[in-house]
Amino acid sequence: MWTELQALTLGKSLLGLVKKADPKAEAQVTVWQTHRAHTRFARSEITTAGENDDLSVSLSVQRGLRSASAQANQTDPRALEHLVARTLGNARLAPELPETMPVLGPVKVTRNQLHDPAMAKLDAKARAEGIVAALGPSKERDLLTAGFLEVYDGLVARLSSEGLSVSAPFTDSNFSVTARTKDGTGSGWNALSTRRRAELDFEKVGRLAAQKAIASARPKTIEPGRYTVVLEPAAVGDLFEFFAQSLDRRSVDEGRSCFVGKLGQRVINERLTLRSNPQTTPMLPFDGEGLPLAPRTWVNRGVLESLAVSRYWAQHKQLAPTGGYDGYEVDPGDATRDQLLQGVKRGVLITRLWYTNLVDPQSLLITGLTRDGTFLIEDGAVTSPVRNFRLNQSVLEALSKVDAVSADRESPGASAWKLPALRTHEFLLASQSDAI
Amino acid sequence: MLTRRNVLLAGGALALAPALSRARGLVADETYLAVVASALEAAKKAGASYADLRIHRRREESVSVRDDHLEAIDDAERFGVGVRVIVDGAWGFASSNLVQPKEAARLAQVACALAKANASVMTKRVELAPNPAHVDVWQTPLIKDPFKIPVSDKAELLLAVAERLRAVKGISFCHAWVSTRLEWKLFASSEGALIEQSQTRLGPGYVATAVHPTSGEFASRAWDGQALQAGWEHLETSHFLEDAPRVAEDTLEKLHAASVTPGKKDLILDASNLWLTVHESVGHPTELDRALGYEANMAGTSFATPDTLGTMYASPLVTLYADKTTPGGLATVGYDDDGVRTGRWNLVERGKFVGYQTTREQAAWLGEKASRGCSYAMDHASVPFQRMPNVSLAPGEKDLSTADLIKATDDGVYVVGTGSWSIDHQRYNFQFTGQTFFEVKQGKITRPLKDVGYQSNTPAFWKSCDLLGGPSTWRLGSAFDDGKGEPMQSNPVSHGCPSARFRGVSVINTGAKQGA
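Line by line, the protein sequences give chains A and B. Per numbering that gives the first Met the number 0, the very first residue in the first sequence carries number 0; after that it's consecutive. Per numbering that gives the first Met the number 0, the very first residue in the second sequence carries number 0; after that it's consecutive.
Derived BS3-like pairs: lysine-lysine, alpha-carbon spacing no greater than 30 Å straight-line:
1) B:263 with B:449
2) A:400 with A:219
3) A:107 with A:18
4) B:123 with A:120
5) B:44 with A:124
6) B:115 with A:203
7) B:443 with B:406
8) B:44 with B:123
9) B:43 with A:124
10) A:181 with B:351
11) B:123 with B:43
12) A:219 with A:344
13) B:44 with A:120
14) A:19 with B:147
15) B:101 with A:11
16) A:124 with A:138
17) B:406 with B:263
18) A:120 with B:115
19) B:368 with A:181
20) A:138 with A:219
21) A:181 with B:123
22) A:23 with A:11
23) A:400 with B:449
24) A:261 with A:316
25) B:101 with B:44
26) B:115 with B:44
27) B:115 with B:43
28) A:23 with B:147
29) A:120 with B:101
30) B:147 with A:18
31) A:219 with B:462
32) B:168 with A:316
33) B:123 with B:368
Just so you have them, the derived chain A footprint on chain B, three or more residues with Cβ under 8 Å:
34) 103 to 115
35) 206 to 219
36) 450 to 457
Among chain B residues calculated to face chain A with C-beta under 7 Å, some are:
37) 68
38) 69
39) 72
40) 90
Keep in mind that the hints were calculated from the coordinates and are not lab data. Remember, it's a predicted structure, so these values are computed and weren't measured experimentally. In this text, a Cβ means the ideal position worked out from N, Cα and C, and glycines have one as well.
Extracted from the complex, chain A is given alone in its bound form (with noise of 0.2 Å):
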């Protein structure tokens, strides 16, 4: 694995490269060096295994309005040259781009962990022992398993030829396991992403999938309508994704977005508040552009307070520019898993969500199905699993009619996300599946 100043020397010496050949461009770079892990696995056993060791070189110049970028994942000298002068001369030949804006110079960064030494020496006999524990359960209840565990250690450093240098390392991981009865009537899942290997528990995501996939077996049929769900913190996420690829001031200011309107109004329940802060929520510490992510709040007790907005459109619109965030947490509410249940007459609990798609912009409607787990809510208690439904769903809606929140969070998608269960009303199922 390469340092950080490993990765700095080389941007610093690709700039050089920029300035000597062009002393007139601004330019700015970024180096990923990443080593990437993973065990793949299915019917039970080990398909798959492979170790990936890459760098990628970012550059993008610019000479007044006109710019170019170029990736790379060579560095001999030969191919960075060739890099620079790819990027120059496709930035020569562009037309203009009014939205240029000057690259970024030197910044403050609130520096966070996101490297775990132990999750970075996690080998391939110790990913093979975890695997073989996670499939323990499913073993002793005669259950075909399936699944996937990929481990990242790696850096990032962005530099720029107006003194932008920062820098963070980091580790990962996603572990997710599908356990399925092998008449083919039952499946489960269970899925975990965390930065740190201590937190990697491979026997619990293999104990919770096989657990949904016993109870999930010989699903009844039950009528497809508008129902009272309870959403696990899978499903909650697919929600939550669509409402924070949304939250784009521009797209509001120009008369496309769901949130037209609606800055500074109630959206959602106020029970729901959404956060990102790289202090809490295991993201880097700076965007896309090297811009420093402060903590932002941006639904405060259902208040829409605050949307992303670029440096071109913060120049535009005389805003401050927000920086682009790819981290979110949804606040924990006070309610226990058995009390979401509480209270139901007839729902259904979904505990996670498939091909989830866009439909509608304007009404944030989406499609999706439900799948690996699906039951049937009978006066407060899980009475009998339930065949899947395809819904069609306004996001905006589901979580305006959200009145009970768990306390507990996970983060079963991305290591960035924290996300809660919920309960919410009126929920559109809207036809049946005959997948299990």
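Please build the complex by placing chain B on the supplied structure of chain A, with the hints as guidance.
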């Protein structure tokens, strides 16, 4: 003379040189030959019963404009080597951006160590179907290399498109782009294969958006043209520029169209819409790894399990075939990433489910003697696995036009272009929208519609197909980045379709009323 075994046994660049000279036009870069020899020799020493490697270069240049100005020019390149081995019946893989003999040997050793670690906890051994050790070269047939067209010319063309879109009063925003991709790879195996291939793909597109001045509603319409494996001549003959005013008019028409009344209707799907339905409801379900549970954790499984081979998948009118040789198809290539020569075969023949997509590892799972040639890895750092070939719907025997299909329909909706899509994890329940929609009554288009989605179940949908357009309606549609696997890999793939009619499909309203 190259034989199946002497690459592994003899090693060394010199042993490979005669093979290179035998293949027409191969780049005989001795550095690469040394990398090949070093990896294969190290794999053998570390106990591999099989090894292969790919030296792989990907380049993607993209130019885009937003409204009346350039948005971005980007040129990304990745180069490296991936080494794959079988030791004690288990796979191992390692890759690096350093394409050097010493590094290749290290990768072979890492891959072998991984395979050994996995073999110790495995019970089923990997077995590869026999395959001739091909030595060959293949490249995209093209006239004008799109990488040699200056970015300024590309930007100029896109700005001209944007100008034509914006010239239509009521168009508020537009976005236009062209993406040019190159994949070059040298494949070599311990069995003696040595194959150099180069694929060039071109992905143009644009979208116009209109915002209603009073209601605040907005509508977008994307160009129906497609990405192809082709040179710059594709753009010169695809009406890319000429279609812009029509796309702009369609956008305004869509904004003001009547919202559809949901219900069961006959659907006439234009080839520009149906290709994506073919992709999701036929392409993915007939992937053998998915059908057997190997993708269960992410992409899902399939209703089309091997015990359903020979049963009816569709109406007897319907023949769907896989073809990695379709001219212009994004997945078209000479050899797959197992070194298997590609071809064409039926998946559904006159309605009956008859075949799967397979790799060398998978052929034996079905009791077949040879692979169908569907192995693919998106870059040097990715493990090859089963990916979709071009999967297409054969046109009807009579050369019916789309107008003929409309004329034969009493109560239906004609759908053009692709919009939103979603399908369940066993490929039964799907929902698609489109770009433009038209009400059909008594054989005529009566008015434009909006908020149209159609929802169905794969077998029921394909069994409801009762009319096919002829060869003159058949055209390719394309997915530039079809995702599958963990880690997720992107596969470019095309689907040819005629227009077709499907009876009694559930049409939903996707507007603010959230059509149930």
